[in-house]
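K.L.:
Here is what each chain is made of, one letter per residue.
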Amino acid sequence: MDTPILSTDNLVKRFGGLIAVNGVTLSIKKGGIVGLIGPNGSGKTTLFNILTGVYKPDSGRIFFNGERIDGLQPHQIYHKGLVRTFQIPRILQKMTVLDNLMMSVKNPGEGFLPALFKRKHWSKFEKDVKDKALEILELLGLEKYCYVPAGELSGGQMKLLEIARALISEPSMILLDEPTAGVNPVLANDIFMKLREIRKNMGVTFFIVEHRVELLMEHVDRVHVMHQGKIIAEGEPSDIINNDDVIKVYLGSI
Amino acid sequence: MNSITWGCMYMLATLGLSLSYGLSRFPNFAHAEYITFGAYMAFMFLTMFGLNIYLSIGLAVVLSALLGGLSFLLLFKPLKSRGASLIHLMISSIGLSFLIRHFLMQVFGGGIQSFKIIWPTISIGPIVTTPLLLAILATALITAISLHIMLTKTKLGKAIRAAADNPELAAASGIDLNRISLFTWSLGAALAGFSGIFLAMRSSLVPLLGWKVLLQTFAITLLGGIGSFYGVLIASFILGLSENIGVVILTWLGLSADYRSAIAFIILVATLIIKPEGIAAVARRRA
Amino acid sequence: MADPLMYLLDAIAYAGIFGILSISLNLEYGYTNLANFGKVAFFMIGAYVTAIMSSLKYPFIASSLLAILIASVIGILTSLPTLRLKEDFLAITMISLGEVMKLIIKNETWLAGGVWGISGIPPAIVIPGLTFRDRLIVQIALIYSVLIACFLLCELIVKSPYGRVLKTIREDELLASTYGKNVFKYKVQVFALGSAMSGLAGSLFAQYIGTVSPYMFEPTVTFTIWMMVILGGPANNLGAILGAFMVEGFQRSSRLIKDYFNLPLDPVNLQVMLTAILVIIVVFYRPQGLLKEKIKPYEGKIHKIITSKLMEVKSWIHRS
Numbered sequence: 000m001d002t003p004i005l006s007t008d009n010l011v012k013r014f015g016g017l018i019a020v021n022g023v024t025l026s027i028k029k030g031g032i033v034g035l036i037g038p039n040g041s042g043k044t045t046l047f048n049i050l051t052g053v054y055k056p057d058s059g060r061i062f063f064n065g066e067r068i069d070g071l072q073p074h075q076i077y078h079k080g081l082v083r084t085f086q087i088p089r090i091l092q093k094m095t096v097l098d099n100l101m102m103s104v105k106n107p108g109e110g111f112l113p114a115l116f117k118r119k120h121w122s123k124f125e126k127d128v129k130d131k132a133l134e135i136l137e138l139l140g141l142e143k144y145c146y147v148p149a150g151e152l153s154g155g156q157m158k159l160l161e162i163a164r165a166l167i168s169e170p171s172m173i174l175l176d177e178p179t180a181g182v183n184p185v186l187a188n189d190i191f192m193k194l195r196e197i198r199k200n201m202g203v204t205f206f207i208v209e210h211r212v213e214l215l216m217e218h219v220d221r222v223h224v225m226h227q228g229k230i231i232a233e234g235e236p237s238d239i240i241n242n243d244d245v246i247k248v249y250l251g252s253i
Numbered sequence: 000m001n002s003i004t005w006g007c008m009y010m011l012a013t014l015g016l017s018l019s020y021g022l023s024r025f026p027n028f029a030h031a032e033y034i035t036f037g038a039y040m041a042f043m044f045l046t047m048f049g050l051n052i053y054l055s056i057g058l059a060v061v062l063s064a065l066l067g068g069l070s071f072l073l074l075f076k077p078l079k080s081r082g083a084s085l086i087h088l089m090i091s092s093i094g095l096s097f098l099i100r101h102f103l104m105q106v107f108g109g110g111i112q113s114f115k116i117i118w119p120t121i122s123i124g125p126i127v128t129t130p131l132l133l134a135i136l137a138t139a140l141i142t143a144i145s146l147h148i149m150l151t152k153t154k155l156g157k158a159i160r161a162a163a164d165n166p167e168l169a170a171a172s173g174i175d176l177n178r179i180s181l182f183t184w185s186l187g188a189a190l191a192g193f194s195g196i197f198l199a200m201r202s203s204l205v206p207l208l209g210w211k212v213l214l215q216t217f218a219i220t221l222l223g224g225i226g227s228f229y230g231v232l233i234a235s236f237i238l239g240l241s242e243n244i245g246v247v248i249l250t251w252l253g254l255s256a257d258y259r260s261a262i263a264f265i266i267l268v269a270t271l272i273i274k275p276e277g278i279a280a281v282a283r284r285r286a
Numbered sequence: 000m001a002d003p004l005m006y007l008l009d010a011i012a013y014a015g016i017f018g019i020l021s022i023s024l025n026l027e028y029g030y031t032n033l034a035n036f037g038k039v040a041f042f043m044i045g046a047y048v049t050a051i052m053s054s055l056k057y058p059f060i061a062s063s064l065l066a067i068l069i070a071s072v073i074g075i076l077t078s079l080p081t082l083r084l085k086e087d088f089l090a091i092t093m094i095s096l097g098e099v100m101k102l103i104i105k106n107e108t109w110l111a112g113g114v115w116g117i118s119g120i121p122p123a124i125v126i127p128g129l130t131f132r133d134r135l136i137v138q139i140a141l142i143y144s145v146l147i148a149c150f151l152l153c154e155l156i157v158k159s160p161y162g163r164v165l166k167t168i169r170e171d172e173l174l175a176s177t178y179g180k181n182v183f184k185y186k187v188q189v190f191a192l193g194s195a196m197s198g199l200a201g202s203l204f205a206q207y208i209g210t211v212s213p214y215m216f217e218p219t220v221t222f223t224i225w226m227m228v229i230l231g232g233p234a235n236n237l238g239a240i241l242g243a244f245m246v247e248g249f250q251r252s253s254r255l256i257k258d259y260f261n262l263p264l265d266p267v268n269l270q271v272m273l274t275a276i277l278v279i280i281v282v283f284y285r286p287q288g289l290l291k292e293k294i295k296p297y298e299g300k301i302h303k304i305i306t307s308k309l310m311e312v313k314s315w316i317h318r319s
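Protein chains in written order, with numbering that gives the first Met the number 0: chain U, 0 to 253; chain G, 0 to 286; chain Z, 0 to 319.
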């Protein structure tokens, strides 16, 4: 398992005069649960956006499962097996919770002609996906909301739905952008336990932006620290917590 | 010379559109009707009320400003505060445009009118012109210079630039977006009305006066960069020049000169394909 | 004042044709949030293609198929530059397209009769020996068959995973993209289909009226169709048809007012102004229109869709 599942090589991204990502080189091993921390504005979300094709890097390369993916469009990157969630949940308010999940899966009925003519085929597929969706909803405690318009969920529930949506796609790797922000500590811990379970059963790699130290210590293998667009430290959570540079960066930003 | 005066007229016609688009984040399709409105108002004061020409123009411009300000206050601001989507805003602006245009048609009749002013020719050196064209030049020049001064030197101007760049940040810094928007909308409509008067004097007064230059105003707005004052300046003259060259080419090809608007369309589409942010973005990048 | 029955039948025919246009716009705007402000251009293309073809003595089947084809091809070509950008750019381009199309038609007399248009377009179905009223009814039958077919087609599309993707694109393009949907491809497909339907409607229109001229295709037509979709309820195909009926009725009544009230107003101006005011009021107070979008999950089978639609209509009638 020596080839990293995701690696970047000197990624740079500028917006006008502002350098958001300033030469990020990192690599993440397959099957890891890796944390990404850093003060606000350090470029974490921008990095995620670059990794998933929302932004094209000005320079640098990205490798996923050995393939170069920089320059690809988001929907292409999804099909390579890399999925991400958003810091502020992007939930489709007008659709049911169930539909929100079903949307995430590639469905043969999504082509124009198959939608019209292969109805039996995709109806069956829909049913299978629906079963899987209900399973995942149960896992996260949302099953009784499945037919509720997603706009009616609470903030915490929307965060869970956001995660459920990433899970149902069965990707190789998920980028989670602050999955537990605004969620109570017990539930937050539960979520991480579930992530570990999923890692064990499905071999999914996680790269997570997470601020809560106790979660990092308890569940995460490695942590990368970002500051002003650069990775300034990397290692096991216990080392990072005690790293002088990291402490300075966080204290400095308060 | 022709291109220059057309460029001037386009500039006056388009400034309001580009600025309000940049500030309020949607294209106001009724802007073309401010142009028509101004022209009809001047016509009304001049021929029906018998006022002298300067007064007529002045009043017409003021009324146009009023129309622009009111359309913002009564229609677009409330819609925006109700969270209307971009498409809703655009559709209601189209509705407003039809409302204004057909109202004018109802009051003034749908036919062709004319200011019936015969302009004497003036010769300045090798250039033969008329007072109308000189007035157009002068107005455009004065507008450009005063706006430039206002935008760069006055507090109001700087507030407008800040708001156009980043409304949230501007509002957070204490800038009253509503006041700025009201001012921009009114000013833009006033300039549009002014351009309408010139347009009508140069050709004739028809209800479709503004709509006929709709394409051009949008082409200029996009080419110059939405919300960019300097962009509009440059793009207006580029379009004016291109149109005149284009007309020459058209006649040479044996095609009708009506296709003048098609030139604006081509520029519009080309801008969208090559650089949708317009000239302003190119300039900013270099800075 | 012509025979009121004929007038009513004529209104029904118009409503049918505009119903097709509304459904096509509903697909583009209601489900996919595409700001097609140039609908009339594709309507016009369909009408003119049919007009030209029938003056060359081609039967309606051929001319309507060609109309559909050309309308959708032009739809694809003109939307390509803008479908990657925000909806306001599409709107601007489409309005401009309509104007340029009219310019071409007005000037190219050799192609399309210029400002005089083309007349003498024969109806699609000719049954000899019918009265005028019966011929109208045949027309209505034809138009409404096409309307129902288009309606079913759109319902099938929309009540499927494909439709779900469209709704996702409408609500949040970035999300759709992140989850593997090629947003651009979907938009182009929807636009092509919408334009094709508009072309078909234009085709029917041409053979119904018997003449085409550039003055029949003013931007007010596009605006009217938008009114129909917004009023009836975006993202609800029945709503689109309902909107078509209501707006057509509204517009006809506002023209008729002149005969009963002596207003010093030109009926056309009145109609346009009232329509404009109505749009603004609807956008202000009830942008979701009369019939709301269905959020419940759906079945794949066709007969279930039809029965659920009938249930919808029944419950709506009961409620009002």
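Rather than coming from a laboratory, the hints here were simulated on the basis of the structure. Just so it is clear, CB atoms sit at the ideal spot from N, CA and C, and this is done for glycine as well. Among the hints, erroneous ones may be present.
[What the hints assert, rightly or not] Quick list of simulated restraints, FRET-style, between CB atoms:
hint, chain 1, residue 1, chain 2, residue 2, range
1, U, Leu-17, Z, Lys-85, 46 to 52 Å
2, G, Ile-52, Z, Ile-75, 50 to 56 Å
3, G, Tyr-53, Z, Leu-76, 47 to 53 Å
4, U, Pro-107, Z, Gly-209, 42 to 48 Å
5, G, Ile-116, Z, Thr-108, 33 to 39 Å
6, G, Lys-152, Z, Tyr-214, 47 to 53 Å
7, G, Asp-164, Z, Pro-58, 58 to 64 Å
8, G, Asn-177, Z, Leu-4, 38 to 44 Å
9, G, Ser-122, Z, Trp-109, 39 to 45 Å
10, Z, Leu-76, U, Val-212, 52 to 58 Å
11, G, Gly-110, Z, Ala-140, 38 to 44 Å
K.L.:
Taking the CB of G/Ser-122 and the CB of Z/Trp-109, does the distance hold inside 39 to 45 Å?
P.N.:
Holds, at about 44 Å.
K.L.:
Take the C-beta atom of G/Ile-116 and the C-beta atom of Z/Thr-108, compute their distance, and say whether it sits inside 33 to 39 Å.
P.N.:
holds, 34 Å
K.L.:
In this structure, is the beta-carbon distance linking U/Pro-107 and Z/Gly-209 contained in 42 to 48 Å?
P.N.:
holds, 46 Å
K.L.:
For U/Leu-17 and Z/Lys-85, compare the CB-CB distance with the range 46 to 52 Å and indicate the outcome.
P.N.:
At 23 Å between Cβs, range violated.
K.L.:
Do G/Ile-52 and Z/Ile-75 keep their Cβ atoms within the hinted range of 50 to 56 Å?
P.N.:
holds, 51 Å
K.L.:
Indicate whether the distance between the beta carbons of Z/Leu-76 and U/Val-212 respects the range 52 to 58 Å.
P.N.:
Holds: the Cβ-Cβ distance is about 57 Å, inside 52 to 58 Å.
K.L.:
Just to be sure I understand the hint, the distance between the Cβ atoms of G/Lys-152 and Z/Tyr-214 should be within 47 to 53 Å; is that true here?
P.N.:
holds, 51 Å
K.L.:
Given the hint of 58 to 64 Å, check if G/Asp-164 and Z/Pro-58 actually sit that far apart at their C-beta atoms.
P.N.:
Given range 58 to 64 Å: holds, Cβ gap about 60 Å.
K.L.:
Starting from the range 38 to 44 Å, see whether the pair G/Asn-177 and Z/Leu-4 falls in it by beta-carbon distance.
P.N.:
violated, 55 Å
K.L.:
Per the hint of 38 to 44 Å, is the separation of the Cβ atoms of G/Gly-110 and Z/Ala-140 within bounds?
P.N.:
holds, 42 Å
K.L.:
How does the Cβ-Cβ distance of G/Tyr-53 and Z/Leu-76 compare with 47 to 53 Å: does it lie in that range?
P.N.:
holds, 50 Å
The structure does not agree with the numbered hints 1 and 8 stated previously, though it agrees with the rest.
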